[in-house]
Amino acid sequence: MSNEKKSATLGMPHGTASNRLRKIVLFHLLKKLNENTCFKCQGIIEAVEDLSIEHKKPWEGISAELFWDIENIAFSHLNCNRPDRQFRKYTPEQAVTIRRDRTAQYMRDAYTADKRREKYERTGH
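Taking the working numbering, the leading residue of the sequence shown gets 267, the next gets one more, and so forth.
It is worth saying that the hints were derived from the structure and are not from the lab. All C-beta atoms, glycine included, are put in the ideal place defined by N, C-alpha and C. Not one of these hints is a red herring.
The list that follows gives simulated cross-link-like pairs (lysine-lysine, DSBU-like), each with its CA atoms no further than 30 Å apart: (1) 323 x 297; (2) 297 x 322; (3) 298 x 323; (4) 289 x 323.
Distance ranges between label pairs, derived from CB positions: (5) 326 x 387: 54 to 60 Å; (6) 375 x 295: 53 to 59 Å; (7) 290 x 385: 51 to 57 Å; (8) 301 x 277: 27 to 33 Å; (9) 385 x 271: 56 to 62 Å; (10) 364 x 284: 40 to 46 Å; (11) 335 x 282: 23 to 29 Å; (12) 332 x 358: 29 to 35 Å; (13) 362 x 294: 32 to 38 Å; (14) 326 x 388: 48 to 54 Å.
Kindly produce the complete structure, drawing on both the sequences and the hints.
Here's what the structure looks like:
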C-alpha cells in the first residue's frame, strides 16, 4: 500500500499515525507495569496525551551517549517537562488574575477620558 493510500485511510500522514501508535503502545505498557509516574512531580500520568519522554540529565551540547542512554530516559507529564515550567512563579489561575489586575490598572492610569475623546475624533470609534 502506498503512503498516499495509507494517509488517506488514516486521515493523517502515515509517519504521524505510526508515531502516535508507538506512543499509545508505550503508554499502555507503562500503565500495565505501573510505571506511569511522572519523573518531575511523582504524580500519575493518566492519559497518553499527557505523556512526555524526557532525558533526566541534559545531553545537548554535552554527549550523544547521554541521548542514547536508556538509564537517562524518564517519563513525565507534558506540562512538567516544559522548559518554562521551572521558572513559573504563579499557578495558571493566579497568572490570569494578576494579568487582569495589571491590565485594569494600566487602563485606569493610561487610558483617560481625554485620550478616549481624541481617539473618537480621530477614528469615529
